[in-house]
Amino acid sequence: MQVLLKPLQRWVWRDAARRGLRLLRFAEVEADGGRDLVRASELTEDARLRRLYLRHASDERRHADIFRQRGMELLHAYPPGDLSLPENDWLAPGERGLDDVNVESGRDGPLLAFLHLSERQAARDFSVYADAVGGDGRTRAVFERILRDEEFHMNYTRSELARVSPRKQGALLWKARLGRLWKAYLRFAVALAGLIGTVVLTLQYFLLLPLFAWISRRAAKREPEGWRMISPESARDLRGQY
Amino acid sequence: MKILGLSAHYHDSAAALLIDGLPVAAVQEERLSRRKNDAAFPIAAIEHCLDTAGLEPDDLDAVVFYERPMLKFDRVLTTLLRTFPRSFSAFPHAMKNMLGEKAWMRGVIGSRLGISGRKILFTEHHQSHAAAAFLTAPTRSAAILTADGVGEWATLTAGTGRRGPEGTTIALDREIRFPHSLGMLYSTFTAYLGFAVNEGEYKVMGLAAYGRPNMADEVRKLIPRTPDGAFRLNLDYFEFHSTAKRSFSDKFIELFGPPRGPYAPIDLASAEGRRFADCAASVQLVLEDILVDIARDLHRRTGLADLCFGGGVALNGVANARILRESGFERLFVPTSPGDAGCALGAALFADRIHFGNPDRDLPDHGFWGPEVDGAALARIAGEDELPFATVDDAALIAASADDLHAGRIIAWMEGGCEFGPRALGHRSLLAAPHDAAMRDRLNRDIKYREEFRPFAPIVPEELADLYFELPPGGARLARFMSGVFPVRPEWRERLAAVTHVDGTARLQTLSRDFAPRLYDLLHAYGERSGIPILLNTSLNIAGEPIVCNAAEGYSTFCRSGIDVLVAGNVRVEKRARTEAPREEELV
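First to last, the protein sequences are chains L and V. Quick note, the first sequence lines up with residues 0 to 241 if you use numbering that gives the first Met the number 0. Quick note, the second sequence lines up with residues 0 to 587 if you use numbering that gives the first Met the number 0.
The following block holds chain L by itself, in its conformation from the complex (with noise of 0.2 Å):
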């Protein structure tokens, strides 16, 4: 699979511009991964893990600051207007990319499984990128020098797990799995269901609207300027929604 999608991940970090906004979605992603273990460590009773998830949080919000550099220096010769984030990044590292992670007090053997897979595919994920872009060595070094840490939080998080949770960790893992399966198949339900949802009311809007929306630029240019008096009476009521 990975070498089939090669062709397209050069494709898609071929263009400096595009390679930026990458860089700098990734370096969202990162941040928001970093607050989530930061909830972590304030919400774990076992000491060693709120350290270790405090570790982890720095790490990502320097991997943040990396990402934004980079992308900051890869889109210096663009005009701001010209360049706006994707909404979704639907080839974001699988870190907290494809699925949220679920950070709840007393549940430190879940969260583990579910960080050491998300790790595990954020260090494929950088691999890839690594290799994808090509000439462009320090997007390359980025990627090699955050992979460094990628591989401590893949090792931490499997040796913890195995610490906190020595009998259920096996099933504990096959459970993120399943669940990241899920979540995935949630977003991308939404997504399509979104998607319809668009198409319906757009044509909505064309079909139904057009009459309505003379009728109300009309009345609007009735509409006087500046201040409007209102009645004492008019909001008396607090029953009605309207």
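None of these hints come from the bench; they were simulated from the model. Cβ atoms here follow ideal geometry from the backbone N, Cα and C, with glycine treated the same way. Hints should not be assumed to be uniformly reliable.
As the list claims (entries may be wrong) - Some chain V residues well away from chain L (every beta-carbon gap over 12 Å; in silico):
(1) V196
(2) G228
(3) G416
(4) R494
(5) V564
Claimed, not checked - Calculated lysine-lysine pairs in the DSBU-like style (CA-CA distance at most 35 Å, straight line):
(6) V:K101 to V:K250
(7) L:K220 to V:K220
(8) V:K118 to V:K202
(9) L:K5 to V:K101
(10) L:K220 to L:K5
(11) V:K101 to L:K174
(12) L:K174 to V:K220
(13) L:K220 to V:K101
(14) L:K174 to V:K35
(15) V:K250 to L:K182
(16) L:K182 to V:K35
(17) L:K220 to V:K35
(18) V:K95 to V:K244
(19) V:K1 to V:K202
Given the coordinates of chain L, work out where chain V should sit on it, guided by the hints.
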């Protein structure tokens, strides 16, 4: 009577609980969910409020939502119709947004809380702002002004409020309606300057001090005045009403130049950086001029001495100070939470006093309605991490903290209930010596991780404020909740360099002993050591995160930043030479 007020779904959702007319708890959802400006249905805030009072949802007499969802839907749909066919891309987005959950609040609240729909009431958005501003202020009668981006239709309202044994009235008698909005004007410039809307407006205000208002005439083209003293927006320059993608139009860009990218640094030494600062200064000046005019007219019409100002625009401390100086009002009251979060409290108060006609009550004059901090929790965590900590009495804590501050250390100071509103007023604060600009740079670089042009605020004992700052009559009151920006007296600017903005002003907080006794004593103890009883006071958080709420959050912020000392209640934790998380080889 037990009344729960709610605000949700746009920005800063919150819950507030009133029992027999007095607040028992009020908290923004972001403080509990740890998502900055969390707009989700405030279930955690509701749970906190009910737990604080030991109530179940069934025990509530009413739940009041802070605006009328269907009236808002009416405004959204009408605006889309009026901008047909340019609004074609905004229409699906807006309909999915409104019809998903926002329009059905009676059902949503009923199902989430398991209560009858008959108990659910709705105030108008600006009624909630007005109630939050007027009914929390220590005044019996006042003019009321509210201004924000938009509520249902209104963007700015004016009227009067009276309360006393004979009952309470809030009579908003005039309004300006969407799309003509001071809040939208300022937010459009916020977006143009590359900051996040609904979050970065205070950055625009901070940036304005670096610029000259040499584009004020251009800004006035965007917002011509109407013959009756109001204003309208020239919609040729805006797109917020017709598309969700951008709030300013190409014509706006022709007038002001290319916008700043959200990630581009602001280099105030460059021509481009100065242009952005000039833009900020210009829109700030125009906003102030209009607000002062409207407030002056309101003063003339009502003849009242006090003005209560609510809505997101009331967070603009520079404008507030000008209103106080120039409008003719003797006192200006801005609540601790003038924005949408405060509407949760405002909606509950409006329902209590006006809908149910309950007797007037004086509210405690503070905003510490959030969860209490637990020093023992901090002691446990610090002990587990083998950090030096001590549980000390107030006198020893104050003496040690004053010594720390005098030695240039930065203290994270947590006590009591957390603040309801966006300002850290001394219960979730970072404190530091205010004398040296290097301290400001250190805070920006090592703790807050934010733009260097943003100023820090001083906190000063109320009775001494006039010695260091040029306060107009009523200024000390406005500064109680850090709601006004005033000049630092020239002779003190050098010795208050860390809290004096580039234009010689500061957004100070005046502190009376009844407001926060320990912090008040700390200011004096620090004054005995340094000669100046003023501290730098900024919110206890890191950029992108909400202000911390509990001890564990304070501790994680302490560990991840350059804070030297953490105080929670009577527990004091110091940072060792190395309190960073252990290195990899130590852990694995």
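Each hint, compared with the structure:
V196 (chain V), annotated as away from the interface, keeps every beta carbon of chain L farther than 12 Å; the closest lies near 14 Å. The non-interface label for G228 (chain V) is inconsistent with chain L: the shortest C-beta to C-beta separation is roughly 7 Å, within 12 Å. Against the 12 Å criterion, G416 (chain V) stays outside the reach of chain L, whose nearest CB is about 19 Å from its own CB. Distance check on R494 (chain V): its Cβ is at least 34 Å (rounded) from any Cβ of chain L, clearing the 12 Å threshold; non-interface status holds.
At the 12 Å boundary, the C-beta of V564 (chain V) stays outside the reach of chain L, the nearest C-beta of that chain being 18 Å off. With a CA separation close to 33 Å, the supplied pair K101 (chain V) and K250 (chain V) stays within the 35 Å bound. Restraint check for K220 (chain L) and K220 (chain V): satisfied, since their Cα atoms lie roughly 21 Å apart, inside the 35 Å limit. About 41 Å separates the Cα atoms of K118 (chain V) and K202 (chain V), which puts this hinted pair outside 35 Å; it is violated.
For the hint pairing K5 (chain L) with K101 (chain V), the CA-to-CA distance comes to about 43 Å; that exceeds 35 Å, so the pair is violated. Simply put, K220 (chain L) and K5 (chain L) have alpha-carbon atoms about 57 Å apart, too far for the 35 Å limit, and the pair is violated. A hinted pair counts as satisfied when its Cα atoms are at most 35 Å apart, and K101 (chain V) with K174 (chain L) qualifies at roughly 34 Å. About 60 Å separates the Cα atoms of K174 (chain L) and K220 (chain V), which puts this hinted pair outside 35 Å; it is violated.
For the suggested pair K220 (chain L) and K101 (chain V), the alpha carbons sit about 29 Å apart, so the restraint of at most 35 Å is met. Pair hint K174 (chain L) plus K35 (chain V) holds up; C-alpha atoms about 30 Å apart against a cutoff of 35 Å. Between the alpha carbons of K250 (chain V) and K182 (chain L) the distance comes to roughly 43 Å, so the proposed pair goes past 35 Å and is violated. Of the supplied pair hints, the one linking K182 (chain L) and K35 (chain V) holds, its CA atoms being roughly 24 Å apart against a limit of 35 Å.
Restraint check for K220 (chain L) and K35 (chain V): not satisfied, since their Cα atoms lie roughly 40 Å apart, outside the 35 Å limit. Using a Cα cut-off of 35 Å, the hinted pair K95 (chain V) and K244 (chain V) holds, with the two alpha carbons roughly 16 Å apart. With a CA separation close to 39 Å, the supplied pair K1 (chain V) and K202 (chain V) exceeds the 35 Å bound.
The structure does not agree with the numbered hints 2, 8, 9, 10, 12, 15, 17 and 19 stated previously, though it agrees with the rest.
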